[in-house]
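> Given the coordinates of chain A, assemble chains B and C onto it according to the supplied hints.
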Amino acid sequence: MGSVDPVAPELVAKIFSALYVRQQASRVQWKNAQCNPYCVVEERPLSVVVRHPNYFTSLPGEYYTSPQIFEQEKEKVFKRKWLYVAHVSQVREPGDYVTVRAALESLIVTRDRNGAVRAYFNVCRHRGSQICDELSTGKAKAFVCPYHRWSYGLDGSLLAAPAMRNGEDFDYPEFGLQEAHCEVFYGSIYVWLGKEPEMSLRDQLSGGGMFPINDEKLSSIEPERVKMIHENRHIAKANWKIVMENNIECYHCASGHPDIAVVADLENFYYERGDDGELVACGVDSSFGLKEDVKTYSMDGERVCKKRLGNLADGDSFVWADMVMWSSHPHFCDYSQKMIVHPISVDTSEIVLQWFVHEDAVEGVDYEVKDVIALFSAVAEQDYVFVERQQRGVSSDRYIPGPNHSLRETDMEAALLDYIKLMEA
Amino acid sequence: MGSVDPVAPELVAKIFSALYVRQQASRVQWKNAQCNPYCVVEERPLSVVVRHPNYFTSLPGEYYTSPQIFEQEKEKVFKRKWLYVAHVSQVREPGDYVTVRAALESLIVTRDRNGAVRAYFNVCRHRGSQICDELSTGKAKAFVCPYHRWSYGLDGSLLAAPAMRNGEDFDYPEFGLQEAHCEVFYGSIYVWLGKEPEMSLRDQLSGGGMFPINDEKLSSIEPERVKMIHENRHIAKANWKIVMENNIECYHCASGHPDIAVVADLENFYYERGDDGELVACGVDSSFGLKEDVKTYSMDGERVCKKRLGNLADGDSFVWADMVMWSSHPHFCDYSQKMIVHPISVDTSEIVLQWFVHEDAVEGVDYEVKDVIALFSAVAEQDYVFVERQQRGVSSDRYIPGPNHSLRETDMEAALLDYIKLMEA
Amino acid sequence: MGSVDPVAPELVAKIFSALYVRQQASRVQWKNAQCNPYCVVEERPLSVVVRHPNYFTSLPGEYYTSPQIFEQEKEKVFKRKWLYVAHVSQVREPGDYVTVRAALESLIVTRDRNGAVRAYFNVCRHRGSQICDELSTGKAKAFVCPYHRWSYGLDGSLLAAPAMRNGEDFDYPEFGLQEAHCEVFYGSIYVWLGKEPEMSLRDQLSGGGMFPINDEKLSSIEPERVKMIHENRHIAKANWKIVMENNIECYHCASGHPDIAVVADLENFYYERGDDGELVACGVDSSFGLKEDVKTYSMDGERVCKKRLGNLADGDSFVWADMVMWSSHPHFCDYSQKMIVHPISVDTSEIVLQWFVHEDAVEGVDYEVKDVIALFSAVAEQDYVFVERQQRGVSSDRYIPGPNHSLRETDMEAALLDYIKLMEA
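Protein chains in written order, with numbering that gives the first Met the number 0: chain A, 0 to 424; chain B, 0 to 424; chain C, 0 to 424.
There could be a bad hint or two in this list.
For chains that are exact copies, the list does not tell them apart, and a pair is met inside one copy or across any two.
Stated by the list, open to error - Once the Cα atoms are required to be at most 30 Å apart in a straight line, the calculated DSSO-like pairs of lysine-lysine come out as: (1) Lys236 x Lys75; (2) Lys140 x Lys194; (3) Lys236 x Lys73; (4) Lys306 x Lys216; (5) Lys226 x Lys294; (6) Lys236 x Lys138.
These aren't lab readings, by the way, just hints derived from the structure by calculation.
Just so you know, these numbers come straight off a predicted model, no measurement behind them.
So that you can see chain A by itself, here it is in the shape it has in the complex (with noise of 0.2 Å):
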């Protein structure tokens, strides 16, 4: 685990500092207790949390249940990620919109009269109304908010005011749509909630340069020309790092999703480490695992779509997948699907699925929707019980962060310790 360190061992300690002093203070009661977990802390604060010696953990309880917590994260980490929020299908034409979530944030996410995608902020300049409904979706000539019908119009400007004249009232080209940044990666768009972006969002889904992008395969896949057949939406009663953190790994796979067994070989889910005791890395270009044999990440294995994405064959797969602000994108030869998590409050979060195939395919002749999304439905119907049994255990007092695994849990660490450097940023 040595080289992969970003953060130093005082912001570290610095971020745990309250936990350890509450178990300072009952220093004494505790020394000699037998089997007492207590007793590593005071020795090695440090070491229970996240980098330890042998292995890494996972966060304290507080980063799970805090309101105060959560309320840092807002600035500091919400909006520092490219956010996943749409794919360009939606939006194919000018005028086309969704509204959608970001993590506490509502987006209009239209293409413009020159073909341009753009996201921006759903709230009026008048007295902040919603001006589209929430998760609507449409075609319009331009935004009209519903409240006293100021409309914008496409590329955001005010268009006009009811009974306000621009230049006398007050001057319209002050008052268009506040936009968020907007890029577009092969066909999936991101936003950037933040003032000005950190980072390209090539940067971000390159790991900084460590994971080299693939365009070649992804030119291959051609993931922009899919559309979305089926959307699921779920409210977790759990954290939003709880849910990210159980998507990250597949542990939990074996044992929690029978399904996943039969289509995936689940040891090709795990890091390996090489000679050299390096990691060996799949970041942006890794494959899904699927064991020989089987087509495509479906209950049988078989395909679910005849229309094929790109030139990927029968037991292809690739994804990515974004860190912290969690979503992935994996593709199979047949379909491809999309996951992501907002956090809602500290304690709850929404959980999206999004099932994509070929732009040409045509249901009832080349796929049926119930079989396309079987899979990925009965995992996440699995994953909100884990999710919301972990947020209530990690909401006892005596929860303490116990050791993850080194290469079944590896990227949970990455993404634990990048979390880490925004909070302390």
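What follows is chains B and C alone, placed relative to chain A:
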């Protein structure tokens, strides 16, 4: 807008300093951004909020979303206005009572043996149990707490505490019900939740003398000679001030309330300015702006009750309203209506609508309830949607108060400045 | 009331200073108000709360409504009392387990291979997932976390963490389940959530020796030889101390619980004072005050189970109760009952009722569940209403603690003073 100002710029500056500081922190990044509303803030910190040189605005988002500000309002606002709670027709005879909400309090409004209207806090002096069921009505000889049977007279005095003797266990006279100050204005009962009223009810209703009360007109209407025929209570997920603003202005009526457009001459809802630029005030002596040939505020403009309120002619109307802690009291030739907003929490309010007809009107003969309530019920349903979508919008981190209409949202400015004065006091 | 006092007046003064300061601020306005309870506060600041020269009261409103005070209680109160969680009949054999709530924690209560009753925090040492479903029961050879299949022995030791080797990845012995201190009193299992018990369970039950435990009587009842036949769980919107007070006193029984009046000699519920003015204590050795000719605590006073508890005669009864963190344990000739209150949040509590009959009794032959549970079920339904209306009442800004009955609400005083001592420690 010049002469209405009772708020010094320094106060406005102070109240919004938190917003300002937050924005200052990002000065460099935003400095040269195109069409950047934040720039305005930096250069003219006071102008973007409430009193801009060219317009006024609503409040910053915190005022609609922060639990801390709601906490401050409890003392600074809710207890410092006369609040409409009931109509005298609900407590005609000694012992008649109605349990009402007044902001966050539950009160028992009754008539004592001397015929005086009284309002008691619905809290037993023993261990604090509510004495009467919330929102109940009835006729009582005494108020008996169902928990331990402590009983109180219509004058609030403790009559008996089972097995506890006056003067021995404790002195009964020290433990009468706590009473709210109570005043009646042409049949409408108001309470003051704070300790000593800072103004009389007539002072509040006349805006400190700016809008003289038209006693001649009011006497002719006989607003006290009505009876309630229907009440509608609705919990909206919106801050109480958003509900207040929604009800103060009719800028949204043309597009938002098609049924109002049928009967109302919407231009008459708005203020005009005289040749000197001063507002033509309407205040407590306003008509409701019915179109010519329209007799009352109903779906088709035809009367909905055969009995007339006082000597109000067809098409005539009269309304008074309470700013800040909002209630409105429109009277038409054949019915009157009341709308009250109760704060519940920072993002939740209760909206109460009440309908009244002449006390001698007979249901089924003179009126049908469904006809009387049709228009205001429809309007209220539309407004519930507006206030909730505004609440979601102002919860965005990117909400900035924008320009309000100087003639169509006029009263909002006075109400918001009055609110700021209370909060700053 | 003199000699029971373990609380110095200074402590009482301090704890209520916030209330006092708030009231001081309005001294002038209130000074001469007629019948003004606030005046009392100013002149005798300590006397209106808890220990007044002539009476005692309940706590100020903040203690029932402030999230900050609830937060303090977590450490100062909930972890510093023995809490009843289960009966030995629920874990008769090694491996039998029941997952219970104890204040805010979830615990697995089980019997290990040596026959000892153990209580483990229901939190996996890996990433904190709850191991057993909340409120589940079963028979286990090991406790296996469903998330990643970490497994624990009946003694709490970590047996296996899949793919992680003991001594290599980490040391298993350091990661056994955390355990709560556990003691059994005549079949009733209690836990101590804090680190080291500050007293023994017998000390707690005997009130530090003030109420000697009647072991002869208890042995004759054989309270451990019963089985649970029904459990009722209810969430009430009331602070846990309001539920505690409701259960401690029977001043409300005459009017509030008509069914109790049928079977109970209500005068016997109350304390008496001897010639010396001292209370005649009942404590852990009390009867439940059945009327003459009444055999048991049932709707008609007739027995509801043919099997007798130990040698308890018709009409005989015996109860012990835990103050502050409330549970009560009444035993009648033919059944026993338990009532437990769990704090959930500042204004929400869970009330649990359990009914037991002799372990050899046969349903349908010796008893019908509906008859055994009828009386306490009816009483509980009535109390749910009382506690919720008191919670609403004490949330009023005008609630002031009033005089409690020195003989009919007596135990409340000791409980509240004990509570204050814990909070001040």
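> So which hints don't hold here, by number, going up?
Result: no hint breaks.
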